[in-house]
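Participant: For reference, the chains in residue letters:
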Amino acid sequence: MIIAQQKPIQEIAEMVKDCRKVLVVGCAGCVTVCLSGGEKETEILASELRIMRQLQENPLETVTFVCTRQCDPEYIAMLDNLVEDVDAVISLACGVGVQYIAERYPSKWVLPAQNTNFIGGSIEHGVWEERCGMCGNCILHLTGGICPIIRCSKSILNGPCGGSQYGKCEVSKDTPCAWQLIYDRMQSLGKLDKLLELQPPKDWSTSRDGGPRKAVREDVIIG
Amino acid sequence: MKTESKLESILNKGEFAVTAEIGPPKHSSPEAIKHHAEMMRDYVDATNITDCQTAIVRMSSIAAGLHVMKNGIEPIIQMTCRDRNRIAMQSDLLGAYSLGVRNVLCLSGDHQKFGNHPTAKNVYDIDSMQLINMVRRMRDDKVFLCGEEIKQAEPRFFIGAVANPFADPFEFRVVRLEKKINAGAEFIQTQCIFDMERFERFMEMVRQRGLHERVHILAGVTPLKSWRAAKYMQTSVSGMIVPDEIVERLKKAEDPKKEGIEICIEQIKHIRNIPGVHGVHIMAIAWEEIVPEIVQRAGLYPRPKAE
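From first to last, the protein sequence lines stand for chains A and B.
Per numbering that gives the first Met the number 0, the very first residue in the first sequence carries number 0; after that it's consecutive.
Per numbering that gives the first Met the number 0, the very first residue in the second sequence carries number 0; after that it's consecutive.
Chain A with its partners taken away, still in its complex shape:
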């Protein structure tokens, strides 16, 4: 899932300092699962903003709504009536949701309440970790199921580099070296010889480097 974390409240408050009424929109997708933009967080954010403005004797009116998903136009259409009289819309979705709302309401000021961090999963309650670099050309079959594109701080394909020590990456003693993990895994699979093969330079054109990407499934396109 997409992992996002809320921006500091002061930063969000600053974005809406000239507003009298705002619509705060949560998302029931990934950001609900990672506890940053679901129903609960939406209500808390709206309350926090109201309290801050109350203390400044400059009250702010808030309306809240949680979309099933902000990355599908049909769910955003449900905001049509709610956006009419607000000065701005604050989205607690990932960056996709913010843009979908902005696209639908060209005359509205749409603001992000979140920083969209990465694609990952939870490793314990309250802790999430990145797992996929979305490079568009998966190589996990070559690396024992561990992604060096995103888990190695240098995206090395022929690791580990000389900064790997005691199982940790040179950037931090808290970061496991992805190539140590790959080495251990390949060893336990009896496939260490695979690591002697030179992995050629990667084709990054399927990654961000190729420009905005599009996925098309012609068999499910209607009409």
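Honestly, I wouldn't trust all of these hints.
Claimed, not checked - DMTMM-like cross-link-like pairs, simulated, lysine to aspartate or glutamate; straight-line CA separation at most 25 Å:
1. K120/B with E56/A
2. K193/A with D183/A
3. K172/A with D243/B
4. K178/B with D183/A
5. K201/A with D140/B
6. K201/A with E123/A
7. K193/A with D243/B
Quick caveat, the hints were computed from the structure, so don't treat them as lab data.
The hints should help you fit chain B onto chain A, whose structure is shown.
Facilitator: Okay, now just chain B, sitting in the frame of chain A:
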């Protein structure tokens, strides 16, 4: 001889090579580089010119290499994968060769987190292994990385790479060295050695695989100025092992700098007798002035003449 490199000719003759390191300045004056080059000229066979080491902005390796060359030393330009993509790297390789540079050392590069621009975006389009192979194919197959032919004047570099016997997993370090040799590396400079016992175990595995016959290994040494410098390397530099006894020896010394030089000379003398080591690479970090004394006292002066 695959190239016009003086270092290649010295190593091929079976001479014990001496290389050192010159760190380019954090400004645009070449004076310090010229000074260091003049001073070291007769004492080393070539000098590495670091490429924004520890991710701190410095004069470019190629430009500084040219100043070194004008002052009579053959440069080994360093090229990291951190700051440039394959387009910029190949362009710089053509440019460096056109200026007379004949040696290149290929490495991943320290992560930008350590430098003076920790908020920078890194590149890592290709890794050090792929860089080595790219330089080799530009020379031997006369092709760019994309496969397109280099129609004339292909860059013919003597290709260097690094090895760190002190990084983990230890037993994979020699395998990775073999991988670098297969990719095209012809000389290797190691991380600074302080843990001699571990280096000897590394060399033993190198010999078991016969790698010392396929590549020239130059053992890295660094003279330390103080016990604090030793302690810093021991605790804060990833991929380094500094035994406590070295820290203690510097701590107890009346003149720590002198002791640091002594330790370095002892290390070089020891390394010379390890089978399979073809030279020494002296990394006197911010202490370039000391290189001539170390070379002389280690019995490596005068230097042989290249053919």
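Participant: Hint by hint, note whether the structure agrees.
Facilitator: Each hint, compared with the structure:
1. Annotation: proposed proximity of K120/B to E56/A is violated, straight-line Cα distance about 43 Å (limit 25 Å).
2. Under the criterion of a C-alpha separation no larger than 25 Å, the hint pairing K193/A with D183/A is consistent with the structure, at around 13 Å.
3. For the proposed pair K172/A and D243/B, the alpha carbon gap of about 21 Å is at most 25 Å, so the pair holds.
4. At most 25 Å may separate the alpha-carbon atoms for a hinted pair to count; K178/B and D183/A meet this at roughly 18 Å.
5. Using a Cα cut-off of 25 Å, the hinted pair K201/A and D140/B holds, with the two alpha carbons roughly 20 Å apart.
6. Between K201/A and E123/A the CA atoms are separated by roughly 33 Å; this puts the pair beyond 25 Å, and the hint is violated.
7. For the given pair, K193/A sits about 37 Å from D243/B by alpha-carbon distance, which is inconsistent with the 25 Å threshold.
Figure legend: structure checked against the earlier numbered hints; hints not met, in rising order: 1, 6, 7.
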